[in-house]
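**Q** Once you've looked at the hints, dock chain Y against the given chain H.
Residue numbers (the working numbering), protein chains in the order written: chain H, 29 to 424; chain Y, 29 to 424.
Hints in this document: simulated from the structure, not taken from any laboratory.
Identical copies look the same in the list; a pair holds intra-copy or inter-copy alike.
With a Cα cut of at most 25 Å, we get these calculated DSS-like pairs of lysine-lysine:
| no. | residue 1 | residue 2 |
| --- | --- | --- |
| 1 | Lys319 | Lys86 |
| 2 | Lys86 | Lys76 |
| 3 | Lys252 | Lys223 |
| 4 | Lys178 | Lys252 |
| 5 | Lys76 | Lys319 |
| 6 | Lys39 | Lys283 |
| 7 | Lys50 | Lys283 |
| 8 | Lys56 | Lys86 |
| 9 | Lys86 | Lys50 |
| 10 | Lys215 | Lys111 |
| 11 | Lys215 | Lys178 |
| 12 | Lys405 | Lys56 |
2 protein chains.
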Amino acid sequence: MTYHFSNRVPKSDVDPVGDILKVAGDPKVMSFAGGLPAPELFPVEQVKRAADTVFEQKGQAALQYGSSKGIPELRQVILDRVKVEGIETDADHVMFATGSQQSIDLTGKMFLDEGSVVIVEDPTYLTAVDVFRSYGARFVGVAMDEEGMKMDALELALQDNPEARLIYTIPTFQNPTGRTMTLSRRKRLLELAEKYDVMVLEDNPYGAIRWEGENLPSLKSMDKTGHVIYMGTLSKILAPGLRLGWVVAEPELIKKYTMMKQSADLHTDSLAQYIAAEYFAQNDINEHIAKITSLYHKREQIMMNAIDKYFPAGVTHSNPEGGMFLWVMVPGVNDTQVLFDAALARNVAIVPGDPFFGNETIPGTFRMNYSNTHEDKIEDGVKRLAEAIEEVMDKK
Amino acid sequence: MTYHFSNRVPKSDVDPVGDILKVAGDPKVMSFAGGLPAPELFPVEQVKRAADTVFEQKGQAALQYGSSKGIPELRQVILDRVKVEGIETDADHVMFATGSQQSIDLTGKMFLDEGSVVIVEDPTYLTAVDVFRSYGARFVGVAMDEEGMKMDALELALQDNPEARLIYTIPTFQNPTGRTMTLSRRKRLLELAEKYDVMVLEDNPYGAIRWEGENLPSLKSMDKTGHVIYMGTLSKILAPGLRLGWVVAEPELIKKYTMMKQSADLHTDSLAQYIAAEYFAQNDINEHIAKITSLYHKREQIMMNAIDKYFPAGVTHSNPEGGMFLWVMVPGVNDTQVLFDAALARNVAIVPGDPFFGNETIPGTFRMNYSNTHEDKIEDGVKRLAEAIEEVMDKK
Numbered sequence: 029m030t031y032h033f034s035n036r037v038p039k040s041d042v043d044p045v046g047d048i049l050k051v052a053g054d055p056k057v058m059s060f061a062g063g064l065p066a067p068e069l070f071p072v073e074q075v076k077r078a079a080d081t082v083f084e085q086k087g088q089a090a091l092q093y094g095s096s097k098g099i100p101e102l103r104q105v106i107l108d109r110v111k112v113e114g115i116e117t118d119a120d121h122v123m124f125a126t127g128s129q130q131s132i133d134l135t136g137k138m139f140l141d142e143g144s145v146v147i148v149e150d151p152t153y154l155t156a157v158d159v160f161r162s163y164g165a166r167f168v169g170v171a172m173d174e175e176g177m178k179m180d181a182l183e184l185a186l187q188d189n190p191e192a193r194l195i196y197t198i199p200t201f202q203n204p205t206g207r208t209m210t211l212s213r214r215k216r217l218l219e220l221a222e223k224y225d226v227m228v229l230e231d232n233p234y235g236a237i238r239w240e241g242e243n244l245p246s247l248k249s250m251d252k253t254g255h256v257i258y259m260g261t262l263s264k265i266l267a268p269g270l271r272l273g274w275v276v277a278e279p280e281l282i283k284k285y286t287m288m289k290q291s292a293d294l295h296t297d298s299l300a301q302y303i304a305a306e307y308f309a310q311n312d313i314n315e316h317i318a319k320i321t322s323l324y325h326k327r328e329q330i331m332m333n334a335i336d337k338y339f340p341a342g343v344t345h346s347n348p349e350g351g352m353f354l355w356v357m358v359p360g361v362n363d364t365q366v367l368f369d370a371a372l373a374r375n376v377a378i379v380p381g382d383p384f385f386g387n388e389t390i391p392g393t394f395r396m397n398y399s400n401t402h403e404d405k406i407e408d409g410v411k412r413l414a415e416a417i418e419e420v421m422d423k424k
Numbered sequence: 029m030t031y032h033f034s035n036r037v038p039k040s041d042v043d044p045v046g047d048i049l050k051v052a053g054d055p056k057v058m059s060f061a062g063g064l065p066a067p068e069l070f071p072v073e074q075v076k077r078a079a080d081t082v083f084e085q086k087g088q089a090a091l092q093y094g095s096s097k098g099i100p101e102l103r104q105v106i107l108d109r110v111k112v113e114g115i116e117t118d119a120d121h122v123m124f125a126t127g128s129q130q131s132i133d134l135t136g137k138m139f140l141d142e143g144s145v146v147i148v149e150d151p152t153y154l155t156a157v158d159v160f161r162s163y164g165a166r167f168v169g170v171a172m173d174e175e176g177m178k179m180d181a182l183e184l185a186l187q188d189n190p191e192a193r194l195i196y197t198i199p200t201f202q203n204p205t206g207r208t209m210t211l212s213r214r215k216r217l218l219e220l221a222e223k224y225d226v227m228v229l230e231d232n233p234y235g236a237i238r239w240e241g242e243n244l245p246s247l248k249s250m251d252k253t254g255h256v257i258y259m260g261t262l263s264k265i266l267a268p269g270l271r272l273g274w275v276v277a278e279p280e281l282i283k284k285y286t287m288m289k290q291s292a293d294l295h296t297d298s299l300a301q302y303i304a305a306e307y308f309a310q311n312d313i314n315e316h317i318a319k320i321t322s323l324y325h326k327r328e329q330i331m332m333n334a335i336d337k338y339f340p341a342g343v344t345h346s347n348p349e350g351g352m353f354l355w356v357m358v359p360g361v362n363d364t365q366v367l368f369d370a371a372l373a374r375n376v377a378i379v380p381g382d383p384f385f386g387n388e389t390i391p392g393t394f395r396m397n398y399s400n401t402h403e404d405k406i407e408d409g410v411k412r413l414a415e416a417i418e419e420v421m422d423k424k
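Extracted from the complex, chain H is given alone in its bound form:
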């Protein structure tokens, strides 16, 4: 059999990030590479109780086919969640997807043709790059600093690419950098989106997990012209295994999303939706988020202290006020893989920066995750990573 694949299928089976995560899964290896929530905080008992109620009260509905838009009970619940982000809306503006990843996928499918320009933060969420690329995207990366995407660089990108279809941004505790876009830049981004009439895809998986600084309004909450599509998820505040994400957009767009969703997988798991809705009815999600925030903050502080103590001079890093990631820049390194290899030789894993860039990469960068490593182990891992960095810097 000769296979004739579409142009969307990557020619190579090489999956560098998959390979990294496989290596990082070795129990000998201390992994700062993944992006997993701390499983010890999953409210297993409470989810079980919610499931019991669902099976007792609406078992048949939870096992039957459902609406492509999602069950009304859960769309209703999510209106309270997005209020925290400053978004006042109604259930007609909300669709549930099989995790935020599907929201990104459907957005790519809806807005991109072969060669369409997507403007992304440099660096950005790597699986968004994969999925946009599969729909023919050409990427234009916009440089960032500690205040998020640089707005002069964004305007230049828009001037050079007036036909750009999407600006994809994770404004709060960005993946992979952990950086947060300032309020003034948020406002400027909206002005530019309006001026150049480009859709903005605002991805906010981490925003609720803040331990420092002030809550900033989401782009969507300040959007007066319908330019912003907002995506949220239960993956970081409840459980990623349930694959529950949502899109908030104009009803006209929700109609299109719902049609594309129907083609993609008919609808999101009914049982998971009912359980989540019941969990919200029975529990205070804010109490649970406070627990997550407190633990991740503790782990982040330990990581930061160890970095300050052990990392060689000249190495810089972001200073996240929440979320799960931080971004490290090692000066004078041309091949980031060398850093990865040196770390792995000491049984520590990180994700080299390259796959996070739409086109040109910044060498010597990598992402570290702190949410999924026990606080007793972090310092030792950072110490060994510091030795690896030192070795590579010495060689240059």
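**A** Just chain Y now, kept in the frame of chain H:
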């Protein structure tokens, strides 16, 4: 805001089938239109027990991110299921998807470019038509009779379209016709797929629900050359709300499916997968399938008897040996919508045949579902439908 949608987005928001199902959802209306399993047979108690075990024994894993390929426990379980279809394989040949719909979506994404030819049964599953069209498919329909796709017509289609990328078929209890492809045609289809080197997508959601005739081997079980991709699902034998489907294919293809799946939604709901695996461990699925088969058979017989009693002479229909659907052909009707309207005026809903065809339709055809209407109501519904048909036939 001006929206610039991709070419994949249908220009019109009109969703004829959605509109039909909405009308059919009116409690006054007796609906033979949908395609829902009988919810009173969902094993709610047993699924609850399985869920309890999962929460007690592996709650954290069930709420955490998982592998794009699916959990090994469930892939292992499914090997026994596909053995019933004559497929002897191993877990490396299996990937789990968010329902069969996603298996179809990923197949379209992997194999179709703008203008690629997909050969389909005429008529065929309408949401497959939607999804293949969204990836640029051009359809070539192959006529059917009561023995399934006509093989001389298939060979002509292959000769005319040597670059065809896919043959999509539902060989057993087809949707929408309820027809089953004979063994000799199955063998011929495989010969043709091999001769013209075209992939076959074998969709088998209904195969287990057989009350008459002999089990026929799946195409995949007779495929010696890797031309067949097989898709199964738990939607019709356990619960569609869980969105659990699987693909069986060569490991080389499973690798590509897994990459596409990762872009689409990272992975299938972990909790649903663990619950399903535990359900299979605790229960005999064959006993449950026997219950489903017995009830659907009863309903189908009542429908068939009523059709024989009330439908006007000249109206023909398929004779399903299992599954959920039958197909009716009313002679001399040019506009099937008239039939639908006449039935709805008597508070009965069916699905007019048109959307099931890739290109040219056969007027006067419609699909009836019997799995989701209580046996006490079927005869009355068929009687009213017969009156509607009579009215339309008289007018012609």
